[in-house]
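Chemist: Protein chains in written order, with the working numbering: chain B, 1 to 658; chain A, 1 to 203.
Treat the hints as calculated values from the structure; they're not laboratory data.
Mixed in with the good hints, there may be bad ones.
As the list claims (entries may be wrong) - Derived Cβ-Cβ restraints for the label pairs, each shown as a range:
id	chain 1	residue 1	chain 2	residue 2	range
1	A	ASP70	B	GLN601	31 to 41 Å
2	A	VAL129	B	ILE233	29 to 39 Å
3	B	PRO625	A	ASP70	32 to 42 Å
4	B	ALA559	A	VAL129	15 to 25 Å
5	B	ILE233	A	ASP70	42 to 52 Å
To be verified - Below are the DSBU-like pairs computed for lysine-lysine, each with C-alpha atoms no more than 35 Å apart in a straight line:
id	chain 1	residue 1	chain 2	residue 2
6	B	LYS335	A	LYS182
7	A	LYS101	A	LYS77
8	B	LYS436	B	LYS454
9	A	LYS182	A	LYS101
10	B	LYS362	A	LYS101
11	B	LYS436	B	LYS446
12	A	LYS101	B	LYS335
13	A	LYS191	A	LYS77
14	B	LYS362	B	LYS335
Given the structure is predicted, the values throughout are model-derived calculations rather than measurements.
The beta carbon of each residue, even a glycine, is placed where N, CA and C say it ideally should be.
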Amino acid sequence: MTHPRTPLERVRRARLRLAAAMIGAAALWGTAAGALLLALCHLAGRTGVVGGRVVAVAPIAAAAVALAVCALLLWRGRAAWSVPRVALWIEERAPELRYALVTATDPTLPPTDADSPLARAAGAAGIEGIVSRVAWRAAGRATVGCVAAVAAAMLLSPAVGLPGVGALFTSGPAAAADAPLANRLERITADVVPPAYTRLPPQRLDDPSNIHALIGSSVVVHGQGPADGVTMIHGADTVAAAAGDGRWALRLTMPLSPAALRLRDRQYERLVTIEPRTDSAPTLTLRLPSADTTYRTPPTGRLALEAAAVDDIGLAHGYFDFLLTSGEEESFDTKTVEGVRVTFGGARGATMRATIDLDTMKLGPGSVLHIRAVAVDANDVTGPGRGFSETRTLRVASTQEYDTVSVTAADPRPIDTLYMSQRVLNMRTDTLVDRKRSIETAEFEKLSRQYGVKQQEIRARVDRVVAILEDDGVGGRSRTAQSEMLREAAGLMWEAYSLLAVDEPEEALPSMRRALALLDEARTAQRYHMRGLLRPNIVNIERVRMQGEDSAAATTREARQRLFDARLLLARRLDAAVRLAAAAPAAAADSLLVLRLSALQAARGAAPVLQLAAEALRAGTDAAPHLLRARRLLAPATRAVTGAAEWGGGSGGPGGTP
Amino acid sequence: MSRFVFATAEYASGDWESAPLVPENLIDSVARYTTLDVTPAGVNVKLSSDDLFDYPFVWMTGHLPVRLTDVERRNVKRYVERGGFLMVDDHNHDVNGAFHKTAVEEIERTFGRMTRLPDDHELYSTFFVFDDGPPNTQHELNGYGDDMLHRYLDAVLVNDRIGLLYSNKDYSSEWNFHADSKRFATQDITKFGVNLIVYALTR
Chain B
1 MTHPRTPLER VRRARLRLAA AMIGAAALWG TAAGALLLAL CHLAGRTGVV
51 GGRVVAVAPI AAAAVALAVC ALLLWRGRAA WSVPRVALWI EERAPELRYA
101 LVTATDPTLP PTDADSPLAR AAGAAGIEGI VSRVAWRAAG RATVGCVAAV
151 AAAMLLSPAV GLPGVGALFT SGPAAAADAP LANRLERITA DVVPPAYTRL
201 PPQRLDDPSN IHALIGSSVV VHGQGPADGV TMIHGADTVA AAAGDGRWAL
251 RLTMPLSPAA LRLRDRQYER LVTIEPRTDS APTLTLRLPS ADTTYRTPPT
301 GRLALEAAAV DDIGLAHGYF DFLLTSGEEE SFDTKTVEGV RVTFGGARGA
351 TMRATIDLDT MKLGPGSVLH IRAVAVDAND VTGPGRGFSE TRTLRVASTQ
401 EYDTVSVTAA DPRPIDTLYM SQRVLNMRTD TLVDRKRSIE TAEFEKLSRQ
451 YGVKQQEIRA RVDRVVAILE DDGVGGRSRT AQSEMLREAA GLMWEAYSLL
501 AVDEPEEALP SMRRALALLD EARTAQRYHM RGLLRPNIVN IERVRMQGED
551 SAAATTREAR QRLFDARLLL ARRLDAAVRL AAAAPAAAAD SLLVLRLSAL
601 QAARGAAPVL QLAAEALRAG TDAAPHLLRA RRLLAPATRA VTGAAEWGGG
651 SGGPGGTP
Chain A
1 MSRFVFATAE YASGDWESAP LVPENLIDSV ARYTTLDVTP AGVNVKLSSD
51 DLFDYPFVWM TGHLPVRLTD VERRNVKRYV ERGGFLMVDD HNHDVNGAFH
101 KTAVEEIERT FGRMTRLPDD HELYSTFFVF DDGPPNTQHE LNGYGDDMLH
151 RYLDAVLVND RIGLLYSNKD YSSEWNFHAD SKRFATQDIT KFGVNLIVYA
201 LTR
């Protein structure tokens, strides 16, 4: 090898070699750091310590770390770019130079010739050997570290790593002894795919405690980690998890009734409840015909039909259904006819219209035609669901119906008396307005206000009728076409009252007339029965009392179990779960989830509150407000009453028609 | 003490009054065989009326198809669930007749499928004992209607108690005669009616 002629040239060459070694080592160490981070992330992913999202971003983090480490090392080695610093560095390793090299390369002094005594003294040490040894040592160390880190990252990578290496980190005696696998049930997801007929999109639930989905939905519960050892207990069945892509998966189909799923991973357990949702049958409103009708003579011509159908998922088709009866008593014919089917193509709401030709029905005296609308949904899992509208009845009076006086007048119905009262009030108000000029002002005002009070009374009666019509029999209210008309009439009556109260009956009259028209329309929308009433025969009780020749041989009556409010049992179970919450909140949360399933039937309103309480206990937050609310909701609504209620009461009965 | 009042159901769609003599006949039988305090005449009560809840026993019959209104359906459901006893009898004794098909459809829409009563059900021994289950009617035995014997009665049970009893044996025809005619009969064919009323009042 040819040595540079001057010491400065030699130091400059050494500087270049040192810088190259420094750059190379920095790059290798940076790579090693990034690879090490990647290896750690893969290890954590395989053992379930971190989720898939963290593993997915690990390469980016590793690259960032590699660049940072490289930059740090380059900054630390910046002295390699300075000639005096390099000369000094060489002097430290070759003390025999006695600063001859530093002096020979001092930039403040004149350049030293290659054959000067100073140059000869500076060349006494093997500069190139020193630099070469250091450079190779640094590069060697960096290379070894980099190779080891990269090898570890590759071995642990899910894409590249060896399966056997992964198995070292799964559950098993050796693995448990060396590195225990974390709880694979800690964080789960549930993918729900509704039945195909619904055309609803799939749904992903993150860490659910309850899965609420349509019956027949496909449910897949996922978690991180290998599948071996993860099971699900559903009723009497135990299902093993399937493996895939570093995760375990448990599959089920949403059943007909709610259930609790117990997920197990070795000593770990987790409860998830499944709550099936039923696809409701369509609901229909028959708009035309709007009321039952009795004809004195057989009707002819065309009759328009209209019905509105609504479904929670989607309607398949609908039709009008006709039931025609001809004849009377035990001699009659019945014919059932389905109208033309209308396809709805999965729409959630639709209107059906049709026209029937009454001439083709061949209606005669005594005929009865029942009309209703039917809609079918597309449920091919538990259905199809079939919904029916209210039935409208068209009757043709029989020949003797109008030839007899046996029709007994019924009591006037509330809505009829409302109509009559409003009509009388309207007439009086009309008269008052006509007499305005001829009566005293004080008298006019007094009468106007009296009529206002009367209007309020009528309005209160309308409200009572509305409450009766809208009572769905289970504590709720359900508006009907008739009740909507009455509500509108009540609003108009309020307007009229407010004008009558300020002595403006003329302004009030339009509202009063519109209210009367609505009452008239409402009362004819209600079904009524035109047949005569039975004349009861009176039995001479005293004459026949105990005159029968046969005697009883009845079996002994056994006492029935006292009926109880199911909520009492639920409340007791809630109390037990509350007592458990302090010592074992996870167990208490599970108890609440199971209790929630029972509450779905007996106390539905408490079910979501119980779920909130369970989730709060799981999350370690304050569950007390939810538990208190659940306790109030589970308080029994019924109370035991000793003794049977009195039946019947009085001669002729309290409410029936004698 | 309260009196038992025999109530006949009045519904909008059919001929609810097709068996007008059944009330007097059963009232007569209850008075003949029991000491129950009973009102001498029956009443009619609308299925759509809240008055329905004043009567523990309600009799419903007809020939024509049955189509309950929404109000009637709600009332009947509440009535049965709250302990009432509704007896529904097909006056045609036809298996696939208009009343049978439509009444069963309405009942199943309201309550779900009915339960078939076994021959040893307590209904058949609440007062008189019928070892073979529901007694057959003369109309069945004489081949009227569908010429079949309908072996069983079906029921809607609420807490194991009959809330609605359905029959297509045509007891309406069987019991639709003047009570005074009983003295000419060798057997009183209305005794099963006594069982129905005693069951409704005591079970």
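Chemist: So, for every hint listed, does it hold in this structure?
Modeler: Hint check results:
{"no.": "1", "hint": "A:ASP70 to B:GLN601: 31 to 41 Å", "in the structure": "25 Å, violated"}
{"no.": "2", "hint": "A:VAL129 to B:ILE233: 29 to 39 Å", "in the structure": "50 Å, violated"}
{"no.": "3", "hint": "B:PRO625 to A:ASP70: 32 to 42 Å", "in the structure": "40 Å, holds"}
{"no.": "4", "hint": "B:ALA559 to A:VAL129: 15 to 25 Å", "in the structure": "21 Å, holds"}
{"no.": "5", "hint": "B:ILE233 to A:ASP70: 42 to 52 Å", "in the structure": "44 Å, holds"}
{"no.": "6", "hint": "B:LYS335 to A:LYS182", "in the structure": "38 Å, violated"}
{"no.": "7", "hint": "A:LYS101 to A:LYS77", "in the structure": "19 Å, holds"}
{"no.": "8", "hint": "B:LYS436 to B:LYS454", "in the structure": "19 Å, holds"}
{"no.": "9", "hint": "A:LYS182 to A:LYS101", "in the structure": "33 Å, holds"}
{"no.": "10", "hint": "B:LYS362 to A:LYS101", "in the structure": "23 Å, holds"}
{"no.": "11", "hint": "B:LYS436 to B:LYS446", "in the structure": "12 Å, holds"}
{"no.": "12", "hint": "A:LYS101 to B:LYS335", "in the structure": "12 Å, holds"}
{"no.": "13", "hint": "A:LYS191 to A:LYS77", "in the structure": "28 Å, holds"}
{"no.": "14", "hint": "B:LYS362 to B:LYS335", "in the structure": "12 Å, holds"}
Going down the numbered hints, you'll see the structure goes against 1, 2 and 6, while the others check out.
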